[in-house]
Amino acid sequence: GESVGLHLPTLSVQEGDNSIINCAYSNSASDYFIWYKQESGKGPQFIIDIRSNMDKRQGQRVTVLLNKTVKHLSLQIAATQPGDSAVYFCAEKRGSSASKIIFGSGTRLSIRP
Amino acid sequence: SAVISQKPSRDICQRGTSLTIQCQVDSQVTMMFWYRQQPGQSLTLIATANQGSEATYESGFVIDKFPISRPNLTFSTLTVSNMSPEDSSIYLCSVEGGGKTLSYNEQFFGPGTRLTVL
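These protein sequence lines are chains U and C, in that order. Going letter by letter, the first sequence gives residues 1 to 113 in the working numbering. Going letter by letter, the second sequence gives residues 1 to 118 in the working numbering.
Just chain C, with the same shape it has in the complex:
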């Protein structure tokens, strides 16, 4: 299976600041996604990171708040901008499609970045 790493694994930030989270995959993948998981809750898709073009955002998420980059087929970043305590969550990247996909449409998830905003 694809091996996904995220940096940082956790951070504590002050409100009004921004944090950029990195997602690195050990093989080229077709699709990369960013999810948010608020404490004790399920995962919500933020956006699809498109290589070489602007990300596709889900309802309720906007580029100004969550700018995303995907410069190549193995790397993506998510920035949480102008943070408030409501942004405290786990942010996860996932990948799909590529040589290490075990079954149809299988998505692999990274370990997540735990963000606390004070």
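Bound conformation, chain U alone:
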């Protein structure tokens, strides 16, 4: 079936290092991807998005890379800080007018001091 999934359920990173969270998707028709951050007790927070006609997009300390050949998406966080501790979800929208979001399973990022 179609799905958006993550490679690793947990990731532990030393404070100050870079974090890379990976995600795979199976539907080649997917054309819009989003990364969300969810802190404990809160709703998901939009981090960054990317359209399928792009392969890279940068924000503040975050970069999303899209490899359509292997249907792979990654989120890179530079100089990881304690405040980056959260669960990160990749998500997908299909179709420019569709608003339904399909969420991946999530990766918990923990920061070692």
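It should be emphasised that the hints constitute simulated quantities derived from the structure, not laboratory data. One thing to keep in mind: the hints can contain errors.
As the list claims (entries may be wrong) - Mimicking SDA-like on lysine to any residue, the simulated pairs with C-alpha atoms at most 25 Å apart in a straight line are:
hint, chain 1, residue 1, chain 2, residue 2
1, C, 7, C, 37
2, U, 71, C, 45
3, U, 42, C, 88
4, U, 100, U, 87
Computed from a predicted model, the values in this text were never measured in an experiment.
Based on these hints, arrange chain C on the given structure of chain U.
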């Protein structure tokens, strides 16, 4: 960004009862959605709340179990009916489209309602 509030923030309910969750947005929005997040899991879309008409439900969710209202462009309710322990989850509303949307198709999420059914 849009500010979304949900009431109640949490509740503990007895099986067989019903709970109505409210979602209020500080600005008019085009789309409102309801999601369920079971413990330690990802989010699953329940339905799209349509203003002035019946909600659009995803596979596995039905109106009798999860009736939804959306009387205007800033407010929606989700009712969890005839609850069982399997309904214990976080229920979140999200919104999309409107003056406070920062980027294309961005959805904002509420803080969620944590429901425990005994």
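Hint check results:
1. With a C-alpha separation of about 16 Å, the suggested pair residue 7 of chain C and residue 37 of chain C falls inside the 25 Å cut-off, and the hint holds.
2. Straight-line distance between C-alpha atoms of residue 71 of chain U and residue 45 of chain C comes to about 23 Å, which keeps the hinted pair within the 25 Å bound.
3. Between the alpha carbons of residue 42 of chain U and residue 88 of chain C the distance comes to roughly 17 Å, so the proposed pair stays at or under 25 Å and holds.
4. Between residue 100 of chain U and residue 87 of chain U, the direct Cα distance comes to roughly 21 Å. Compliance with the 25 Å bound is thereby established for this hinted pair.
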